[in-house]
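Sequences listed follow chains P, G, S and L, in order.
One point on numbering: in our numbering, the residue at position 6 of the first sequence is 6, and numbering is uninterrupted.
One point on numbering: in our numbering, the residue at position 46 of the second sequence is 330, and numbering is uninterrupted.
One point on numbering: in our numbering, the residue at position 54 of the third sequence is 622, and numbering is uninterrupted.
One point on numbering: in our numbering, the residue at position 108 of the fourth sequence is 960, and numbering is uninterrupted.
Read the hints as simulated data drawn from the structure, not as lab findings.
Quick caveat: nothing in here was measured; it's all calculated off a predicted structure.
There may be inaccurate statements among the hints.
Claimed, not checked - Covered, in the sense of this in silico footprint (three residues per stretch, anywhere, with C-beta under 8 Å from a C-beta of chain S), are these stretches of chain G:
1) 309-317
2) 371-384
3) 529-540
Unchecked claim - Here are the in silico distance ranges between beta carbons for each label pair:
4) P/R182 <-> L/A1136: 29 to 39 Å
5) P/D135 <-> S/H708: 17 to 27 Å
6) P/R129 <-> S/S731: 23 to 33 Å
7) P/L86 <-> L/R866: 27 to 37 Å
8) G/D531 <-> P/E226: 27 to 37 Å
9) S/H708 <-> P/D126: 55 to 65 Å
10) P/D245 <-> L/A937: 29 to 39 Å
Even for Gly, the Cβ is constructed at its ideal location relative to N, Cα and C.
Number of protein chains: 4
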Amino acid sequence: MSRFYRLVVSCPDRVGIVARVSGFIASQGGSITEASQHSDLATGRFFMRYEIQADSVSLDAEGLRQAFGPIADEFEMRWALYDTALRKRVVLMVSRASHCLVDLLYRWTAGELDCDIVGVISNHDDLRRLVQGHDIPFHHVPVSVDTKAAAFDEVERLVDSVSADCVVLARYMQILPPRLCRRYAGRVINIHHSFLPSFAGAKPYHQAYDRGVKLIGATCHYVTDELDEGPIIEQDIHRISHCHDADDLVRFGRDVEKAVLARGLRWHLQDRVLIHGNKTVVFA
Amino acid sequence: MSRFYRLVVSCPDRVGIVARVSGFIASQGGSITEASQHSDLATGRFFMRYEIQADSVSLDAEGLRQAFGPIADEFEMRWALYDTALRKRVVLMVSRASHCLVDLLYRWTAGELDCDIVGVISNHDDLRRLVQGHDIPFHHVPVSVDTKAAAFDEVERLVDSVSADCVVLARYMQILPPRLCRRYAGRVINIHHSFLPSFAGAKPYHQAYDRGVKLIGATCHYVTDELDEGPIIEQDIHRISHCHDADDLVRFGRDVEKAVLARGLRWHLQDRVLIHGNKTVVFA
Amino acid sequence: MSRFYRLVVSCPDRVGIVARVSGFIASQGGSITEASQHSDLATGRFFMRYEIQADSVSLDAEGLRQAFGPIADEFEMRWALYDTALRKRVVLMVSRASHCLVDLLYRWTAGELDCDIVGVISNHDDLRRLVQGHDIPFHHVPVSVDTKAAAFDEVERLVDSVSADCVVLARYMQILPPRLCRRYAGRVINIHHSFLPSFAGAKPYHQAYDRGVKLIGATCHYVTDELDEGPIIEQDIHRISHCHDADDLVRFGRDVEKAVLARGLRWHLQDRVLIHGNKTVVFA
Amino acid sequence: MSRFYRLVVSCPDRVGIVARVSGFIASQGGSITEASQHSDLATGRFFMRYEIQADSVSLDAEGLRQAFGPIADEFEMRWALYDTALRKRVVLMVSRASHCLVDLLYRWTAGELDCDIVGVISNHDDLRRLVQGHDIPFHHVPVSVDTKAAAFDEVERLVDSVSADCVVLARYMQILPPRLCRRYAGRVINIHHSFLPSFAGAKPYHQAYDRGVKLIGATCHYVTDELDEGPIIEQDIHRISHCHDADDLVRFGRDVEKAVLARGLRWHLQDRVLIHGNKTVVFA
Chain P
1 MSRFYRLVVS CPDRVGIVAR VSGFIASQGG SITEASQHSD LATGRFFMRY EIQADSVSLD
61 AEGLRQAFGP IADEFEMRWA LYDTALRKRV VLMVSRASHC LVDLLYRWTA GELDCDIVGV
121 ISNHDDLRRL VQGHDIPFHH VPVSVDTKAA AFDEVERLVD SVSADCVVLA RYMQILPPRL
181 CRRYAGRVIN IHHSFLPSFA GAKPYHQAYD RGVKLIGATC HYVTDELDEG PIIEQDIHRI
241 SHCHDADDLV RFGRDVEKAV LARGLRWHLQ DRVLIHGNKT VVFA
Chain G
285 MSRFYRLVVS CPDRVGIVAR VSGFIASQGG SITEASQHSD LATGRFFMRY EIQADSVSLD
345 AEGLRQAFGP IADEFEMRWA LYDTALRKRV VLMVSRASHC LVDLLYRWTA GELDCDIVGV
405 ISNHDDLRRL VQGHDIPFHH VPVSVDTKAA AFDEVERLVD SVSADCVVLA RYMQILPPRL
465 CRRYAGRVIN IHHSFLPSFA GAKPYHQAYD RGVKLIGATC HYVTDELDEG PIIEQDIHRI
525 SHCHDADDLV RFGRDVEKAV LARGLRWHLQ DRVLIHGNKT VVFA
Chain S
569 MSRFYRLVVS CPDRVGIVAR VSGFIASQGG SITEASQHSD LATGRFFMRY EIQADSVSLD
629 AEGLRQAFGP IADEFEMRWA LYDTALRKRV VLMVSRASHC LVDLLYRWTA GELDCDIVGV
689 ISNHDDLRRL VQGHDIPFHH VPVSVDTKAA AFDEVERLVD SVSADCVVLA RYMQILPPRL
749 CRRYAGRVIN IHHSFLPSFA GAKPYHQAYD RGVKLIGATC HYVTDELDEG PIIEQDIHRI
809 SHCHDADDLV RFGRDVEKAV LARGLRWHLQ DRVLIHGNKT VVFA
Chain L
853 MSRFYRLVVS CPDRVGIVAR VSGFIASQGG SITEASQHSD LATGRFFMRY EIQADSVSLD
913 AEGLRQAFGP IADEFEMRWA LYDTALRKRV VLMVSRASHC LVDLLYRWTA GELDCDIVGV
973 ISNHDDLRRL VQGHDIPFHH VPVSVDTKAA AFDEVERLVD SVSADCVVLA RYMQILPPRL
1033 CRRYAGRVIN IHHSFLPSFA GAKPYHQAYD RGVKLIGATC HYVTDELDEG PIIEQDIHRI
1093 SHCHDADDLV RFGRDVEKAV LARGLRWHLQ DRVLIHGNKT VVFA
């Protein structure tokens, strides 16, 4: 696998940004293999993502960052330069349902998810064997009404102890406390089992069944301290009919959920998702 | 085009319904070309729709109805027997946007919608020429805050004067008064330009844009006196991304709206939609 | 899980079939939970599938079969009556790629596939651990140009030794000999990684890439002795663009393949697929 | 509607292209509203499309072209700079089926297709009224086996007389002679009513019906002198089942055809489609 630098930028839009950034990269000898830009006309903000072959540049990542600093300052950029040699460290959080976990573990072993899965945390012990079979540490952190605060202190400790870059709620049925949502802002990805904003909250398939909708969906989004209200990364749907009962909806839903979560996570790991207020720019 | 009788039934589920109904049809010599059944396990209600070649039966529609009456009574059926020789009479209601109207008129001339379009009512005069070019009467009934009551009296008079079986709100931007919703219950079809229950009410595409969803949708449903809450007949979606502004959403939305409305209306005209509480059984 | 009898019939179409069959079921006290019929107007053939609650009938499966025999004879039916208490016995055949196998094993453990997986045969040893981790016998039967005949004798012996009802080629990259195709006709299901009839034969994703198509697909079909020409059960597609190279097509393809195979197999196991010449009727 | 310049380029890939082009645009004060690039790793070719606000640049289109010339030469570019003030001139060719024509005319009047429709040519007279109702010249050029050569001379004369930039075969059922295909290479767009390369040639829906596929499709492509083999711009599909006869396939097909053609044509008119050998890069 080739090594790349990924330069991800957002800033107020104005003439000359692309020229300045691409000129900088060219001056370093950088070979650009993928380039994406977006001008948001409503807010006047500009977004870009460049993928640069690492071995085409003489500076290392830190050197590039320092050299790029003055340009970033001049254009008031929020920016990051990622080195794909440093794989993101991911913690998965699950409950009892295994479909998203099985899917993510398959994709990870197949090389579709470019990250290190450094641990799985669950409030139940059911999926221990599956996780350990992939040589990944499994942490059972039970959560009850009384122990909630202590449990999430433990979750925080575990996440911090492995220096996780990203936490994935892969059908983790608990709500993260607001403090953690804010502390890990932009780094916690959830899969919600409805086509948000429809059917936020609990038991969305049963809500969908009761309303008699003809499509069910799933939504991958960043977690914020407002439940099911964070920036949406990806959504998809599955067609249903009167033939299907609530159990069928759950079954179809599993397929949509795992597909949507896998796409959203893959894009996040490839630094393709830029948060913009409560929305996302996804350079898919 | 062949002529058919369509027998549409719902009743409490129990052993022997299909045997009794199909036995009755066979005893009349009836050749069944399409048969659909559904048992709703949650409510214990049974639904069926049979399509029978008219010339295979010696009785006429009224004769069949009388012969079938005792069976219907025995099983406590809600039922109807339709004769496709009597085409449904449809009134379209539109405002200024023409996309659904153009689409329905094309499908009607192409033979996809088996009905007579007996009139178009609009609160604006813009689409008069298009309608009259298809030799369909056009009625301009302006609606303002002050004239609303009188306007809808006029709408009611027009609908009744043509003995309409079905009223289609093809992007008619006014809300029907509750009295008409109730009077024409199960006979008024609306296209809402969102994936209900998301974004009910006004300007759904702008709501969708603001929320940052990745799919937009449209919903075809029966009108009830609760706005955007009636039984859903059909829904579909279109994928969007950060590249698309609210105008693009409107443009994509037009395609979804007209497709969803056309499918929903076609099924309604073919007596494929059975209302069941606030849900539908669609034998598509 | 409730126990059902499934009556699956095809016969020349004529008046009274439904009445006769449903009358028979009613006379046995049978409660029908799902009923599907189809009249193929082009060929004059009729197809039906009834699902009957087993405990609503006093006869057992064999008794029902004997009682139904005279009706079947009278209408010249090809028919079968299945008892869901007897789960179908399935052999999976794989090569090195694990995506379909992982997916089927997940669905099987989740209860989505109502069968016994009685063995996995592979021409490579790579997937042994995965299979044995699910407590399923794994058989490594290498195939080379020289050993082909002996290898397929061994495959046949293994399939027969477990009394398999169904063989699934879950990305098994070898071609079954015509003799086995004929012997197991209607019982061998393959997943082909293209939208047949496009790109039959080898390396379909590379063929698709070279042709510059904008959608790739997968096809689940019964195997016949004409390669990639058997009756199609299910197909689906995934959208691609110029951004995607042949490796991306392979990656997207995996998702389509496993979804299409899982749906096709599920329908087969539920006796929803009726073969009709080189086509299928699928009561999905 | 704002006025834009569109710079569309392909050239051998090397370091510094984006820097050079965007530097040039910035030096002219150009405000870039949309930018797309693609590096084809298999062939080492680079593609780009920039949309520039016209009033942000002091030079006019011709001045820009002259200023850009040396850069284009240096990088061996194939390129064009379009001015959206000069709308493309489009000739539609149709036969008897009206669905694509009705759809394109609606989209054109709704402002979705940024072009002048300067004429419609048909080998039948059926659609004259529809066309003339939109104040577009209609030309009836009958084609028979004997008159084919003369007829296509007349077609050529008509296309040339209106200085057409683009010819759209909107279900024109005749095959253009190779000479015209070559003369108008890259400017003639066809809609084929199958998911190519499946079912090339005549009556694709009947071919699809006979093969028993579960999806039908349509393909929008540039016409070359090899029938149904030109570069594909867009494709889509519609799900079908055993319930649908060949007429249903035709009906569903109409919806797919018109959607696919409209998308392909819109992208072409916006200079989003770059031909690359027998494939396309579509900056959609």
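So which hints don't hold here, by number, going up? Result: hints 2, 3, 9, 10 break, sorted rising.
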